[in-house]
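Enquirer: Sequence:
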Amino acid sequence: MITALGTSSSLACVPVGIECADSMNVPKSISGFTIPLGSQVNKDGNGMMLAITFLFAAQAIGAPVTMDMLIKAILISLILTTGAGGVPGGGIVTIAIVIDAFGLPLEVVGIISGIFALIDMVYTMMNCLGDLVGTYIVAHLESKD
1 MITALGTSSS LACVPVGIEC ADSMNVPKSI SGFTIPLGSQ VNKDGNGMML AITFLFAAQA
61 IGAPVTMDML IKAILISLIL TTGAGGVPGG GIVTIAIVID AFGLPLEVVG IISGIFALID
121 MVYTMMNCLG DLVGTYIVAH LESKD
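No gaps in the numbering here: position 74 of the sequence shown is 74 in UniProt numbering, and each next residue is one more.
Fair warning: there could be bad hints in the mix.
In silico lysine to any residue, SDA-like type, Cα no more than 20 Å apart, as pairs [as the list claims (entries may be wrong)]: (1) Lys-72 - Ala-58; (2) Lys-28 - Phe-102; (3) Lys-72 - Pro-36; (4) Lys-144 - Asn-25; (5) Lys-28 - Gln-40; (6) Lys-28 - Ile-52; (7) Lys-72 - Pro-88; (8) Lys-144 - Pro-27; (9) Lys-28 - Ile-137; (10) Lys-72 - Ala-96; (11) Lys-28 - Thr-7; (12) Lys-72 - Gln-59; (13) Lys-72 - Pro-27; (14) Lys-28 - His-140; (15) Lys-144 - Pro-15; (16) Lys-144 - Ile-30; (17) Lys-72 - Gly-62; (18) Lys-72 - Thr-82; (19) Lys-72 - Gly-114.
Have a look at the derived ranges for each label pair, beta carbon to beta carbon [stated by the list, open to error]: (20) Leu-141 - Gly-114: 42 to 48 Å; (21) Ile-137 - Ala-63: 18 to 24 Å; (22) Val-41 - Met-1: 45 to 51 Å; (23) Glu-19 - Ala-63: 42 to 48 Å; (24) Ile-137 - Leu-5: 20 to 26 Å; (25) Lys-72 - Ser-29: 39 to 45 Å; (26) Ser-29 - Pro-105: 47 to 53 Å; (27) Val-122 - Ser-23: 19 to 25 Å; (28) Phe-102 - Ile-2: 33 to 39 Å; (29) Met-24 - Leu-55: 18 to 24 Å.
FYI, nobody ran anything at the bench for these hints, they're computed from the structure. Virtual Cβ for every residue (Gly too), placed ideally from N, Cα, C.
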């Protein structure tokens, strides 16, 4: 988790994640597949961050938020997180897309980018932890066969 905090990159955590899976006695055939796959498609932290950032931006400028807008923000977040890269600071681009999708001023992205490095560290850690949990679950299910 320290690597995730320090690098803010899901992709940089792949080798460390595989080592952690090895220490949990997960077979290399499973960890070598699930952790790299998870680093690309498992973006739990990003999905939550985008929806929360949308709420922050709307409240910061005094825009009303309806339940329809919130559901739309969650759906857009789910779609964007699967295609987002696992590089440091990559989430700021997806934030701009979500903000623009609702017609909010893009100046709000500048406010968010001031604290984005801290946010990025935390949700990268969540993503990498999710990769390890998923890998362990797959290994556990495969061992039952």
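Enquirer: Okay, which hints does this one fail, numbers in order?
Expert: The structure breaks hints 2, 3, 6, 7, 11, 13, 15, 19, 21, 22 and 29; every other hint is satisfied.
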